[in-house]
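Please put together the full structure from these sequences, using the hints given.
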Amino acid sequence: MGFTDRLNTAERQRLVRVAQGQEDADLLIRGAQLVNVLTREVYRADVAVADGRIASVGEGYHAAEVLEARGAYLAPGFIDAHIHIESSLLTPARFAEAVLPRGTTTVVAEPHEVVNVLGLAGLHWMLEAGRSSGLRVYASLPSCVPASRFEQGGAILRAPDIREGLQVPGVLGLAEMMNYPGVLSLDPEVWAILAEAEGRRDGHAAGLSGPALQAYAAAGIHSDHEAVTPEEARERLRAGLWLMVREGSAARNLEALLPVLRERPRRAMLVSDDVGVDELLSLGHLDRLMRACVAGGLHPADALALITCNPADYWGLPDLGAVAPGYHADLVLLRDLTGFEVLETLVAGVPAQGGGITPALPGGGVTLGSGWASAHFEVPPGLPVIGVRPDQIVTDHLPAGSGDTLMVVADRYGRGEFSACWARGLQLERGAVALSVMHDAHHVILAGAGPEQVRQAGWALERLGGGAVVVEDGEVLAALPLPYAGLMSDGRPEDVAAQASAITAALQRLGCALPYPITTLSFLGLTVIPSLKLTPQGLLDVNRWELLDAPGEGQLSGLQDA
Numbered sequence: 001m002g003f004t005d006r007l008n009t010a011e012r013q014r015l016v017r018v019a020q021g022q023e024d025a026d027l028l029i030r031g032a033q034l035v036n037v038l039t040r041e042v043y044r045a046d047v048a049v050a051d052g053r054i055a056s057v058g059e060g061y062h063a064a065e066v067l068e069a070r071g072a073y074l075a076p077g078f079i080d081a082h083i084h085i086e087s088s089l090l091t092p093a094r095f096a097e098a099v100l101p102r103g104t105t106t107v108v109a110e111p112h113e114v115v116n117v118l119g120l121a122g123l124h125w126m127l128e129a130g131r132s133s134g135l136r137v138y139a140s141l142p143s144c145v146p147a148s149r150f151e152q153g154g155a156i157l158r159a160p161d162i163r164e165g166l167q168v169p170g171v172l173g174l175a176e177m178m179n180y181p182g183v184l185s186l187d188p189e190v191w192a193i194l195a196e197a198e199g200r201r202d203g204h205a206a207g208l209s210g211p212a213l214q215a216y217a218a219a220g221i222h223s224d225h226e227a228v229t230p231e232e233a234r235e236r237l238r239a240g241l242w243l244m245v246r247e248g249s250a251a252r253n254l255e256a257l258l259p260v261l262r263e264r265p266r267r268a269m270l271v272s273d274d275v276g277v278d279e280l281l282s283l284g285h286l287d288r289l290m291r292a293c294v295a296g297g298l299h300p301a302d303a304l305a306l307i308t309c310n311p312a313d314y315w316g317l318p319d320l321g322a323v324a325p326g327y328h329a330d331l332v333l334l335r336d337l338t339g340f341e342v343l344e345t346l347v348a349g350v351p352a353q354g355g356g357i358t359p360a361l362p363g364g365g366v367t368l369g370s371g372w373a374s375a376h377f378e379v380p381p382g383l384p385v386i387g388v389r390p391d392q393i394v395t396d397h398l399p400a401g402s403g404d405t406l407m408v409v410a411d412r413y414g415r416g417e418f419s420a421c422w423a424r425g426l427q428l429e430r431g432a433v434a435l436s437v438m439h440d441a442h443h444v445i446l447a448g449a450g451p452e453q454v455r456q457a458g459w460a461l462e463r464l465g466g467g468a469v470v471v472e473d474g475e476v477l478a479a480l481p482l483p484y485a486g487l488m489s490d491g492r493p494e495d496v497a498a499q500a501s502a503i504t505a506a507l508q509r510l511g512c513a514l515p516y517p518i519t520t521l522s523f524l525g526l527t528v529i530p531s532l533k534l535t536p537q538g539l540l541d542v543n544r545w546e547l548l549d550a551p552g553e554g555q556l557s558g559l560q561d562a
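Start counting the sequence shown at 1; every next residue gets the next number (the UniProt record's numbering).
To be clear, the hints were calculated from the coordinates, so they are not data collected in a lab. Glycine included, every Cβ here is placed at the ideal spot set by N, Cα and C. Be aware that a few hints might be false.
Ranges of calculated distance between the beta carbons of each label pair, as one might list FRET restraints [unchecked claim]:
no., residue 1, residue 2, range
1, A502, P390, 53 to 63 Å
2, A360, E494, 20 to 30 Å
3, Q508, P380, 27 to 37 Å
4, P380, G511, 22 to 32 Å
5, E494, L7, 32 to 42 Å
6, E128, R12, 21 to 31 Å
7, Q353, N8, 21 to 31 Å
8, R238, R149, 27 to 37 Å
9, S370, R238, 51 to 61 Å
10, P515, H376, 26 to 36 Å
11, P390, V16, 51 to 61 Å
12, L186, R12, 42 to 52 Å
Structural data, given as structure tokens:
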């Protein structure tokens with residue numbers, strides 16, 4: 001659904017007849033308070049729908065079916081302009097089940113998780129799975145696979161692959177250009193990729209300011225979702241970038257950036273980026289961001305524009321994002337404009353229903369290599385410690401000797417590489433956790449109270465085939481199987497959320513105080529987010545753009561024996 005449903009002339013002419021009262025509509029939504037995000041007004045109106053499109057907004061229409069709004073508020077369906085569906089741990093069909101009741105009708109997926117594991121086959125799978133999900137699923141094409149020269153995942157996309165991927169129906173543009181050092185240093189491979197993308201080029205400029213940000217914008221990048229302070233947000237807007245305000249499970253920037261949104265910038269939108277299934281079910285999706293915006297002083301129509309017409313404009317989706325003639329009848333009926341309780345979600349003029357058959361996705365298991373059995377997981381003397389922040393994906397550069405938990409990152413693709421460091425903030429006093437969701441290469445990240453606990457967790461995850469496990473003294477305390485590329489489950493959202501919650505509860509019993517440990521752990525190896533990140537090849541100082549160590553003899557034995 002979403003990118004093959006263009007109207008032909010006969011269908012367009014039917015809209016014209018319905019709008020003039022010459023023919024009955026298929027559906028009439030009567031007595032609604034319409035939130036017009038184009039004019040920022042709220043007023044009473046009826047909406048006539050024909051062939052899945054809005055024919056007219058006004059009064060006096062007739063239809064085969066009438067939906068009595070009874071004064072409820074009618075808004076366009078919500079659009080998430082930048083989201084990694086895989087971070088929900090759900091397949092697109094199951095993700096749709098979770099977000100359609102919350103008013104989300106369209107997403108622009110950035111599938112670099114599954115693409116890092118499986119290459120362009122992962123992109124095709126994401127779009128195919130999206131077509132049967134009940135949700136409009138578009139995609140932006142991952143630009144950094146791997147994310148940087150310090151990552152080696154399951155695939156590599158070079159300029160010819162980018163050229164091919166941009167031709168796939170449903171792909172709207174180039175996804176976040178995370179390799180900003182490559183952009184600024186005029187790296188030939190990075191610029192070959194940029195040259196292939198003539199349309200939208202999504203950005204990712206964590207920490208950039210001043211001349212570096214100006215240069216990044218001059219390279220033809222159009223947006224950024226990494227602003228964490230009002231000053232950073234305004235600087236991006238002044239540089240001509242679209243501001244994506246991120247509020248997800250791993251990074252929460254909305255509260256800090258509300259002062260900028262209250263200034264009503266033209267080029268702004270809200271995105272979730274990465275959000276866990278448990279949070280989707282308990283707190284909501286874009287609907288909860290609406291509650292926060294209105295509570296923070298935004299007019300409801302201004303807030304709704306951030307998740308409707310603005311993202312549609314940004315991605316070049318002219319028939320989405322407003323309640324107006326000719327637009328898709330993707331609509332949300334709301335009880336009020338403070339709590340944003342969704343009474344009904346319509347996609348193409350019919351009640352939205354998530355689900356559908358998820359296509360098979362071969363590959364994506366976990367292979368640690370034979371050297372795992374004899375690895376010592378030694379941390380080189382004097383190595384800095386990764387400081388973990390509970391609600392951010394950036395980390396701190398802490399002095400050696402200040403760590404509280406052993407951390408290991410192991411290659412999952414059979415190359416047998418792994419390295420170790422200390423982290424502070426995980427506070428695992430006993431046992432260990434292993435996870436095959438680790439941005440962006442999706443190796444295995446492990447954390448535990450000691451080497452043997454880490455080894456046992458790795459073996460447990462390998463047997464599981466991917467997902468998350470918590471162990472103590474060889475006993476599995478909790479497990480979350482993710483059979484789709486080691487990233488996603490096709491289980492009911494409630495069941496997957498329960499399994500994820502069991503992982504969190506087990507970790508908390510072992511001493512970990514992180515509110516969303518799966519999400520936080522999954523970012524501790526992402527090499528394009530400051531300050532320190534762990535890779536199978538060693539600890540990376542992102543700010544200095546260099547490895548601080550190389551795997552020791554014990555780790556190298558895994559590579560040699562693999």
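These are the hints, each one checked on the structure:
no. : hint                       : in the structure
1   : A502 with P390: 53 to 63 Å : 20 Å, violated
2   : A360 with E494: 20 to 30 Å : 24 Å, holds
3   : Q508 with P380: 27 to 37 Å : 31 Å, holds
4   : P380 with G511: 22 to 32 Å : 25 Å, holds
5   : E494 with L7: 32 to 42 Å   : 38 Å, holds
6   : E128 with R12: 21 to 31 Å  : 28 Å, holds
7   : Q353 with N8: 21 to 31 Å   : 26 Å, holds
8   : R238 with R149: 27 to 37 Å : 31 Å, holds
9   : S370 with R238: 51 to 61 Å : 55 Å, holds
10  : P515 with H376: 26 to 36 Å : 32 Å, holds
11  : P390 with V16: 51 to 61 Å  : 55 Å, holds
12  : L186 with R12: 42 to 52 Å  : 47 Å, holds
Of the numbered hints stated above, the single one contradicted by the structure is hint 1.
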